[in-house]
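Peer 1: Model the placement of chain B on the given structure of chain A, informed by the hints.
First to last, the protein sequences are chains A and B. The numbers in my numbering rise by one with no breaks, and the one at position 200 of the first sequence is 200. Count along the second sequence starting at 1, add 1000, and that's the number in my numbering.
Calculated directly from the structure, the hints in this document are not laboratory data. The reader is advised that the hints may include incorrect statements.
As the list claims (entries may be wrong) - Listed next, the in silico DSBU-like pairs over lysine-lysine satisfying Cα-Cα at most 35 angstroms (straight line):
| no. | chain 1 | residue 1 | chain 2 | residue 2 |
| --- | --- | --- | --- | --- |
| 1 | A | 55 | B | 1164 |
| 2 | B | 1367 | B | 1117 |
| 3 | B | 1272 | B | 1074 |
| 4 | B | 1164 | A | 131 |
| 5 | A | 39 | B | 1393 |
| 6 | B | 1367 | A | 55 |
| 7 | B | 1117 | A | 39 |
| 8 | A | 39 | B | 1193 |
| 9 | B | 1393 | B | 1319 |
| 10 | B | 1054 | A | 226 |
| 11 | A | 226 | B | 1164 |
| 12 | A | 131 | B | 1435 |
| 13 | B | 1319 | B | 1358 |
| 14 | B | 1117 | A | 55 |
| 15 | B | 1231 | B | 1374 |
| 16 | B | 1231 | B | 1174 |
| 17 | A | 39 | B | 1164 |
Predicted model only: the values in this text are computed from it and were never measured.
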Amino acid sequence: MAEINRTKNIITIFVIILVLALIIWPFVYIFISSFKPLKEIMSRASFLPVDPTLKNYQTLLFARTPVRDFPRFLFNSLYVSVFTALFTLIISSISGYGIARNRRLRAGLISKFLLFIYVFPTVVLLVPIYKLFTTMNLYDNLFGLIIIYTALVSPFCTWLLVSFLENIPRELEESAGIDGAGTFTTFTRIVIPLASPGLVTAGAYSFITAWGEYMFALILISSNLKKTGPLGLATFTAEQYIEWGPLLSGSILIMIPVFILFMPVSGYFIKGFTAGAVKE
Amino acid sequence: MKKGILILMVFALVMVLGSITFAQDQPLEITFWHHEAPAHRVAAFQKVIDLFMKENPNINLKQEVVMWGDAWVKTLAAIEANTLPDFQFGLPDFVTTMFKTGSLAPLTDLVEEIDEKYQIFPNQKNMYFYDGDYWGVPIMTMVMLMTYRPSFLEEYVGTTEPPKTWDEVLDYAKKITENSEEEVYGIGIGGAKNLMTDEQAYIFMASTGARFFDENGNITFNSPETIEALKLYNDLIKFAPPGAEAWSWGEIELNIAAGTLAMSPYFPSVQKRFHEEFDSNDYDAAHIPFYKDRTERGTITYPNEVHLYKDTLEKPGHKEAVYDFVRFMMRPDINAILTSGQEPGGFFPTSVAASQAKEYWDDPIVKRFENAHKIAMEALNDYATLYGFEYGKWVNIGIGDISGADVLADTVNKVVSGQMTPEEAAAYGAELMTKYSAPIAQ
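Chain A on its own, in the form it takes in the complex:
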């Protein structure tokens, strides 16, 4: 029996390693190639760089053109993502709390509608939103992106937070009430700290969604220097002339914030997604 279990474990570990290798391989290849000079990238002479260089990163970060400024693109992405996460957390925590504490809302249409919005194909909203934003002077405006991203991720984050907020005992709020705390104080001092794993999950989710979004940014942003990271990265892939070096180094740089943000909170993230799965 023990022998069978051991064999099973070995097979499981082998499959996990194989899948991990398949997933990680492109990232490793991109990372290593980003240190190769263009000649080596194009000639594909060896896997490891023969003449390693930082030129691709230098070009990416310091070579500016009137239509390309990659550090600025990353800053734009950061600005949009941070404020999207912030606004999403404010909206989702309030609405999530309301739903979690109201049985009728929780069981009713609103709760289901939140999930429906999450699975709704947002591409069909592209043209109406474009027209709306142009009339509202939000076209070619990074704040416009923040609004649309917040609107896109808030329903899902609300749904996500409901499952966290439901698990906070009402008795704690009642105790706070007896001690003289008002609804707002109870919400900010008791509920929010206790829901922090959920807030971290929702914040990370909204940040990552805004960080990598392409289609709305493409349609709503026109000025060269207001482009976000993904739009900026796409400019290296022109037809008939791909700028391989900066493209590879840009791909690495654009992944870094996601790694930095995601790795420390990955535990919360998984917990957040499974929190509502098992009812007590």
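Peer 2: Chain B only, in chain A's frame:
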């Protein structure tokens, strides 16, 4: 009291006059979109812009880059919302799509003026001719040739002469692939449903004499010539590297440079990489070969044009500023900045005058690969054309949608992936085209 009112009136008058003067001093803001994002291409545009603004300090020109893949959706959205630039660079099928929206202004007077002065190649300007008007001014153009690595031909075929017929191409490709034991593949062509396959496959169609439409705009895709072209494509792709059926932009450049490809019907722009990265002469381009006993060659060309929007006409001074800039770009010495100065082999002149300009031929990369440039000029002047635009006028306005849906590439993909025979695929492609077809009443 009266003194106070007088001071106020004087103040108001000064402000009004000041604002008028200020407004008069403000340069005219002109924005245009183009689709050439690489740094050296943007730099070439900026060089032309700076030179123009030096001569015209009252005009402030601004370039914005919209990637080709995004240009259709972004422009259509901008038309809907009235956020168009003053003018934009485009291609023939792009212009037909925009024409259908009713947002374009004719440029006949400008095209005729420039043509008289510099002689625009007829096949380049005619791709923008419809209903007695020109709807675009071809500024620079692109052309595919038979690009190859001479050393591979010498080593594996025993000749430095490029193939002159498609049968020879097939023979060379087979010999190179077999004699090199698949270290070098004979031909670089793709088979995926994308623009690159559209363009490469059209060379085969043009070589066999196949057309999308007849002169009246009726679909003639399902023809013996198309079937011949598909058969030839399918025979040749067997000597392309594994996975070529899924290739997109960039793959051919990489494989040619890496030494795993000997020949490819492609844009001869890889010469820039050979010059700058490899310092090598082992790259050249030849005319597209003849198909069997046909006496006409065929290849693809893409005249990059400027088109103007009706909205621009409503802004005082904007049309004149755009006209001045177009005239400036077509000046042979300036045009060379956008062709050989931008990317030698990638962009070529559209006029006789610009094709003879000293500034063009003085470029070090052009000098190094001079033969390829001479061949390109001959092809542009002689036989290069574009699918749906072979008749010197627009015949089917659905070409933009047919091109956008990659119908030709889809058809090729069905053959090279073994899903259909060339006969079935030609019928399939013709049926797809019917959905988008909009023949122009003659």
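Peer 1: Each of the hints needs a verdict: does it hold here or not?
Peer 2: Each hint, compared with the structure:
Taken as a hint, the residue 55/A and residue 1164/B pair is broken in the structure, with Cα atoms around 42 angstroms apart against an allowance of 35 angstroms. A hinted pair counts as satisfied when its Cα atoms are at most 35 angstroms apart, and residue 1367/B with residue 1117/B qualifies at roughly 27 angstroms. This hinted pair checks out: residue 1272/B and residue 1074/B have alpha carbons roughly 30 angstroms apart, not beyond 35 angstroms. A threshold of 35 angstroms between alpha carbons decides the hint, and for residue 1164/B with residue 131/A the separation of about 54 angstroms lies outside it, so the pair is violated.
Distance check on the hinted pair: residue 39/A and residue 1393/B sit about 44 angstroms apart at the alpha-carbon level, beyond 35 angstroms; violated. With a C-alpha separation of about 28 angstroms, the suggested pairing of residue 1367/B with residue 55/A holds against the 35 angstroms cut-off. Only pairs whose Cα atoms come within 35 angstroms are accepted, and residue 1117/B paired with residue 39/A is rejected, the gap being roughly 43 angstroms. For the given pair, residue 39/A sits about 29 angstroms from residue 1193/B by alpha-carbon distance, which is consistent with the 35 angstroms threshold.
For the suggested pair residue 1393/B and residue 1319/B, the alpha carbons sit about 25 angstroms apart, so the restraint of at most 35 angstroms is met. For the hint linking residue 1054/B to residue 226/A, the alpha-carbon distance of about 27 angstroms falls within 35 angstroms, and the restraint holds. For the hint linking residue 226/A to residue 1164/B, the alpha-carbon distance of about 50 angstroms lies beyond 35 angstroms, and the restraint is violated. With a CA separation close to 29 angstroms, the supplied pair residue 131/A and residue 1435/B stays within the 35 angstroms bound.
Using a Cα cut-off of 35 angstroms, the hinted pair residue 1319/B and residue 1358/B holds, with the two alpha carbons roughly 31 angstroms apart. Taking the CA atoms of residue 1117/B and residue 55/A, the gap is near 45 angstroms; set against the 35 angstroms cutoff, the hint is violated. With a C-alpha separation of about 31 angstroms, the suggested pairing of residue 1231/B with residue 1374/B holds against the 35 angstroms cut-off. Restraint check: the Cα-Cα separation between residue 1231/B and residue 1174/B comes to about 16 angstroms, which is no more than 35 angstroms; the hinted pair holds.
Of the supplied pair hints, the one linking residue 39/A and residue 1164/B holds, its CA atoms being roughly 32 angstroms apart against a limit of 35 angstroms.
Checked against the numbered hints listed earlier, the structure breaks hints 1, 4, 5, 7, 11 and 14; every other hint is satisfied.
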